[in-house]
Structure formats: structure tokens, C-alpha cells
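K.L.:
Using the sequences and the hints given, assemble the complete structure.
So the protein sequences, as listed, match chains Y and H.
Numbering follows our numbering, in which position 13 of the first sequence is assigned residue number 13; successive positions increment by one, without gaps.
Numbering follows our numbering, in which position 34 of the second sequence is assigned residue number 34; successive positions increment by one, without gaps.
Think of the hints as simulated: they come from the structure by calculation, not from any bench.
Ideal Cβ placement from N, Cα and C applies to all residues, glycine included.
One side of the interface only, derived from the structure: several residues of chain Y facing chain H at Cβ under 8 Å:
| id | residue |
| --- | --- |
| 1 | Arg-4 |
| 2 | Phe-5 |
| 3 | Leu-19 |
| 4 | Phe-23 |
| 5 | Ala-152 |
| 6 | Met-158 |
| 7 | His-162 |
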Amino acid sequence: MVVRFLARCFLAVVVFFLLLAAFDFVFSKVAERANYQPVEIWHDVLGGTVDADVVALGNSLVTVGFNTEYMDSVLGVRTYALGFSGSQFDRQSYMYSLYRAKNRPPKVVVNFIDHNAMSLTTRVPNRDQFFPLFFNKDFRKAVFPVENFSWAERYIPMWRWHSYGTNKFLSRSPRHFRSGFKYITSTRTPFTTGARDSMRFGSDIEVLSPLWDKYLSENVKDGIRTVFVFPPLYKNNHFAEGYEELMTSTFNDFTERYGIRFLDYRSLPIVEDSTCFRDTFHLNGKGSIAFCDTLAKDLRQLGLI
Amino acid sequence: MTFNSLIFAAFLPIVFCLYWFVFGRNLRWQNAFVVAASYVFYGWWNWKFLILIAITSFCSWGSGLLIYNCKDDRRKARWISAANIILNLGILGLFKYYDFFAQSFADLFLGGKTDGILLNLILPVGISFYTFQALSYSIDVYRGKIEPTKDIVQFFAYVSFFPQLVAGPIERSTNLLPQFGRERVFDYSQAVDGLRQMLWGYFKKIVIADWCGIYVDKVFGDIPGQSGAKLIAAGILFAFQIYADFSGYTDIAIGTAKLFGIKLMRNFATPYFSRDIAEFWRRWHISLTTWFRDYLYIPMGGSRCSKPRVALNTMVIFLVSGFWHGANWTFIAWGAFHALLFLPLILTGNNRKYKEIVAPGRILPSFKEFWQILLTFSLVTIGWVIFRADSLSQAWSFFVGVCHWNSIGEISVFFKDDFLIRAVWIAIMLFVEWIDRGEEHGLSMRGVRHRAIRYAIYFAVILVTILYFDDGSPKFIYFQF
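P.N.:
What follows is the structure, encoded as C-alpha cells:
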């Protein structure tokens with residue numbers, strides 16, 4: 001009797017597992033096409049649907065700071081914000097290589113430089129951006145080495161979705177991140193000093209340097225012009241304190257070697273204005289327009305557009 | 001270890017297989033295994049407190065034997081029984097109530113200075129439950145309702161049986177102890193029903209209780225900053241949170257026990273379909289209510305005495321019941337509130353008016369029944385606000401806040417996603433429990449004959465439960481009691 005019970009339980013588990021797997025697949029495909037911004041970018045990149053002349057590469061600072069609608073209208077070219085939320089340069093460069101493999105090459109890459117450019121990705125926040133594309137081989141390669149998915153999340157269908165409001169993936173709301181966060185004007189620092197220490201600024205530069213070299217030399221070879229941009233951070237952001245010199249010297253070295261321009265916006269007037277920021281890192285809607293206005297003028301002045 | 005953890009998902013199948021396949025042929029070994037598994041289950045949280053369970057178990061077992069040996073000397077038996085009660089309640093009092101009394105004493109006589117008089121002890125999980133269970137045994141032996149067991153392993157299994165160790169149901173020696181004294185035979189249909197009951201318990205805990213808890217905690221964390229409508233919404237959601245949390249735990253416990261061939265007593269019988277407060281108390285936390293009835297209320301004279309005495313007995317029983325939940329004035333006030341609701345019914349002889357389930361054989365309740373249910377639920381919800389508040393002053397500010405409505409527009413709170421989605425899940429839970437209100441649990445599936453439909457329902461419940469599961473899922477509310 002017990003054996004029969006266990007056998008029936010096993011059978012039920014197998015049936016439920018298969019049903020859950022099928023449901024997971026369908027749900028992921030639906031969510032992949034959602035208007036949830038981080039997912040949307042992966043979908044665009046892997047789907048090969050981006051047709052942009054200017055690509056801004058970076059992390060969430062690109063997502064919220066590089067206002068594509070505004071840049072399109074001001075520059076008269078197609079722009080794309082290729083922001084990998086929460087990532088460091090190793091993952092950004094991988095995303096960029098996927099972008100290059102599947103989409104038309106851009107003419108200009110606006111490369112956002114910040115503290116993330118100086119370290120390797122250990123763990124990516126906003127994990128839900130990865131969920132819909134779980135079945136995509138390229139995507140898994142990009143994410144699995146750095147994102148510590150538990151065995152349950154990897155092997156139990158639907159498990160990874162638990163406790164993440166699934167409705168945002170199914171929502172038909174507008175692309176809410178694309179033109180910057182709205183209505184939020186907080187000046188808090190979203191990360192703790194513990195998080196900063198765990199990022200080990202500069203200590204991975206020996207591993208990262210070849211990545212930077214490869215990325216920049218390939219751009220040069222393919223005739224893609226790169227420009228480094230240090231985005232504005234709110235004045236009381238001391239996250240990278242103590243490493244700024246190292247960052248500047250490292251990137252000055254790249255600019256000299258590859259003939260790249262370095263646009264530093266750390267002292268723009270808006271860094272004093274708390275109403276331009278969502279937090280001390282991220283610009284809001286108002287801030288992104290102010291920043292992009294200056295950036296567009298500079299890009300024109302440099303003859304990049 | 002808690003039922004809503006992944007480790008329990010591994011623990012249960014292992015214990016199940018060992019229980020039936022390895023230890024199934026020898027009752028004594030099987031009971032010893034139950035004790036070992038239960039101690040691992042409890043010790044996963046804090047192994048040091050296993051000593052307390054062992055002391056409670058040993059003293060109650062020993063006192064049972066001593067009382068039985070002195071059955072011709074009632075005076076001596078009474079002293080032994082009293083000593084066991086004092087010892088067990090002493091341990092409970094030390095860990096659970098000492099600081100409360102010390103603090104109250106300091107507030108009254110020392111101007112609030114508590115230097116050196118508070119112990120700040122960690123409250124052992126489930127201490128109120130297993131203490132009462134152990135006490136019921138020695139009292140039953142003293143009363144001659146049950147013969148004591150000489151088998152210490154059997155008794156230890158009775159006190160520590162892991163499904164009901166930390167939050168009940170508070171079992172009686174007359175029901176559970178004999179089950180550990182006879183060979184268990186695996187009952188296929190009972191085990192399948194156990195799994196269904198567990199699934200329903202998980203649904204209630206994870207989808208209803210935990211999710212309502214997020215809303216409730218937010219509102220109770222900032223009562224002055226909330227609108228009247230939001231406070232009402234939080235009050236309603238807490239009523240369902242505590243029901244889904246506790247009855248969910250009970251369903252998992254009873255369902256788990258069924259897998260091991262053990263039948264635990266029913267603890268909840270759709271209490272929110274009660275037509276008056278008396279019926280509510282016959283359907284809510286039945287194991288505790290009947291414990292107080294049998295071991296406190298009836299010995300005090302129960303309702304077979306003068307009306308003032310009945311009123312006093314009722315008041316005492318509710319105050320003690322409130323105090324059992326925790327060392328806080330809010331619990332005492334909650335008990336007093338329910339006593340005041342109960343008194344008119346018992347004094348007019350209307351407390352046993354509704355013994356059967358509501359609307360038997362009908363799909364819907366009558367208009368009168370509907371309003372009775374709604375009124376009873378509203379009164380119970382007022383009580384839950386007192387129960388949930390951190391202090392009496394917080395409860396008071398909640399009720400004051402409820403009366404303050406800035407505009408009729410505040411009613412939109414009830415149509416916003418964060419309330420509405422929770423309300424939909426609650427409505428589904430109530431619908432299922434209404435359909436199965438005569439059954440032991442909501443997912444009994446008695447009326448569903450087609451296997452495909454049954455499996456579709458199981459799948460839907462599993463899917464929703466997975467989606468709502470949170471790694472940081474809060475512990476069951478009643479663990480703290």
C-alpha cells in the first residue's frame with residue numbers, strides 16, 4: 001500500500017512537473033514580450049530588432065539617464081539605450097557582443113563609465129530581468145556565470161518566479177523606464193558601503209583590461225566610434241570615493257591608446273539639483289533631459305553625429 | 001524547521017520512508033523514530049530548548065505513573081498532580097510571562113525602572129502548546145479518565161509528535177496517546193486526503209496569510225498616517241491573515257499526521273461562517289477552547305451554577321484564554337472583549353443555538369443567516385484589531401483613525417489593486433470552504449468525481465502557491481504563542 005502510494009505520488013509529481021514546465025515555457029514567452037523595460041532590452045538584443053545609429057552602453061545609469069526619445073528628436077538619428085541593469089563591464093561587454101552579433105552595427109557607442117567599469121560582476125540586482133529569457137541559450141551564458149540561481153530556481157519549473165510580482169511582466173503599461181523615472185526626487189544612496197566594499201573597485205582591473213582592449217580595438221576595426229561618458233551623480237554620492245583617481249587614470253590611458261574622447265559630466269550644474277535625481281546615482285525624467293541636452297550638443301560639437 | 005521551508009520538503013519524504021519501510025515492523029522502534037524525527041524537527045530551530053520538552057515530557061510521564069500508584073490515596077495523588085502542574089506552568093511562566101509581570105511591577109512601584117529585574121529570555125517555540133498537551137495527560141490520569149502508560153517512548157512521541165509540536169492542535173491523551181500504543185496501518189485514502197489537506201494549508205498560508213500580512217504590517221506600522229478606509233481594509237485583511245495562517249498551519253499538521261497513520265483532532269471548522277459569537281468559539285481553535293472548557297471552565301462550575309457565577313466563570317475563561325496567547329495587555333483586552341460578546345448569549349441560554357453547519361443542504365445562506373454571519377465577522381474583526389495591536393494605545397488610535405474619514409473618496413482604497421487582488425484570493429478561499437463547509441478541510445473534493453478536474457484543481461493550487469511563495473516567508477503567527 002505504501003509503495004503504491006509512493007508510486008502514485010511519484011507519477012503525480014512527474015505529471016505536475018511536466019505541466020509546470022509547459023506553463024513556464026508559455027509564461028516566459030509571454031513575459032518576454034512584456035513592456036517591462038529590462039526584459040524588453042534583452043528581447044530587442046536577442047531578437048535582432050534594433051536599428052540604431054547611436055548606442056549607449058552601460059548599466060541602469062544608461063537606462064534612466066540616456067533618454068532615447070529626447071536624443072532621437074534632438075539629434076535626428078536613431079538611438080538605443082543598451083543598459084544592463086546592475087551589471088559591471090564584463091557582463092556589459094558580453095551583452096554588447098550579443099548585440100553586435102544579432103543587430104546592425106551602430107555608428108557611435110556612447111560608453112557610460114562609472115564605478116561599475118572598474119570591477120567584475122559578482123551578483124546582479126533586479127534578478128527578475130532574467131526570468132523570461134531563461135530558456136535562451138545566449139542569455140543563460142550571459143547570466144548564469146554571475147547570477148547565483150539556486151538549484152530550485154534552475155530545475156523546478158516556475159520556481160524562479162515566486163514572490164516576484166508577475167503582473168509587471170504581463171502588464172501592457174507604457175515603457176515606464178525608457179524616458180527616465182518620473183515623480184521620484186529622492187536623494188538617498190541606494191547602496192550600502194558594504195555593497196561598495198564587495199565590488200572591489202580596481203582590484204579586478206587586470207582581468208578587465210583585456211576585455212576593454214578587445215572591445216575597444218574591435219570597435220576601432222569596425223569603424224565604430226566610441227566616446228566615454230562619465231554621467232552626472234548627485235553631489236553627495238561618495239560611492240567611488242578613493243577610487244576616482246584610479247578610474248580617471250585608467251580611462252585616460254584608454255582614451256590615449258584608442259583616440260577616444262572622454263566627456264566628464266560629474267560637475268554639471270544638475271549635480272547640485274536634487275529634483276533631477278531619483279537617488280544619488282540615477283537621474284529622473286527631468287534630470288535625464290537636462291543631461292541629454294548637454295550630451296547631444298557635445299556629441300555634435302565633437303563631430304560624432 | 002517550519003512547514004513553509006524547503007528543508008521540510010526534503011525532511012518529510014525521508015521521515016515518511018524511514019517510518020514505514022525501516023521502522024514500520026516494530027512499534028517501539030517506530031515510536032522512537034517519531035521522537036528522534038520530532039526532536040530533529042524542533043532542534044533545527046534551537047536544539048537547546050529540546051531540554052525543556054524532555055523535562056516536560058519526563059515529569060508528566062513520571063507524575064502519571066506516580067498518580068496511578070497512589071490511586072487509593074487521593075490526597076497524595078492530588079499533591080503529585082499539583083506539583084506537575086506547578087512545574088510545567090512554572091517553566092511556561094518563567095519563559096513567557098516573567099518579564100511581563102516584572103515590567104508591570106516596575107511600572108507600578110519602581111517608576112518604570114527595570115534594571116536587573118528583566119530576564120529577556122527567548123520564548124521557546126510552541127511551549128504553550130506542548131505544555132498544555134502534557135498537562136492534559138496528568139490531569140486525565142488523576143481524574144481516572146485514562147490509565148498511564150509505562151512506555152516512556154510512547155509518551156515522548158505523544159508530547160513531541162512533530163506535525164503538531166509547535167502550534168497544535170493541542171491533543172488530548174485520550175485521542176493521541178492510544179494511537180502511539182497500537183500498530184499503525186497505512187491507510188491509502190487517508191494519506192491521499194492528508195496530501196490534499198496539506199496542499200490546502202499551504203495555499204492558505206502562502207497565498208492568503210503571507211500576502212495579507214504585507215499589507216497589514218505596513219498599515220499597523222504607521223497607524224496615524226493611514227486613512228480610515230485603509231485601517232478598515234487592514235483590519236479585514238488581518239482577520240483573514242490570522243485565520244489563513246493558523247488554520248493553514250493546522251491543515252498542514254493534520255495532513256502530515258495522516259501520512260503517518262495518525263488522526264489529529266479538528267482545530268477549525270469554518271469559523272467565519274458562524275452566526276453568533278458562541279458558534280464562532282465552537283469553530284475557532286477548537287483544541288484550545290475545549291481544553292479550557294474541560295480543564296478550567298467545568299471544574300469551576302461551568303454553566304451549572306448561579307448566573308453571577310456563570311458570568312464570572314465565562315469572564316475568567318476568556319481572560320485566561322487571552323493571556324495564554326501572550327504576555328501583553330492587548331491579549332487580555334481581546335479576551336475581555338470576547339467575554340462581553342459571549343456573556344449575553346450564555347446568560348440568556350442562547351449559546352448553543354447554532355450547533356450544525358450553516359445552510360445545510362442549501363447552496364446559499366438565507367438572508368438572515370447572511371447578515372448574522374456578517375455581523376459576527378465584523379465583531380470578531382474588531383477583536384482582531386485589539387489582538388494585532390502592539391499596545392492598547394495603538395489599538396485605540398486604530399479605532400480613532402477608523403472614525404476619521406476625510407472624504408467619501410477614501411472608499412477607493414477597496415478598489416485598488418493591492419486590496420482588490422487580495423480580496424479575490426480571499427473570496428476564492430471562502431468559496432471553496434463554503435462548498436466544503438461540512439468537510440474537514442476545503443480541498444476534500446468529495447463532490448468532484450472526474451479525476452481530470454481534480455488534477456486541474458491541484459495543479460492550479462500548486463501553481464498559485466509556487467508563484468506566491470516567498471523565501472523569506474514569515475513564520476506562522478501562532479509560533480509565538
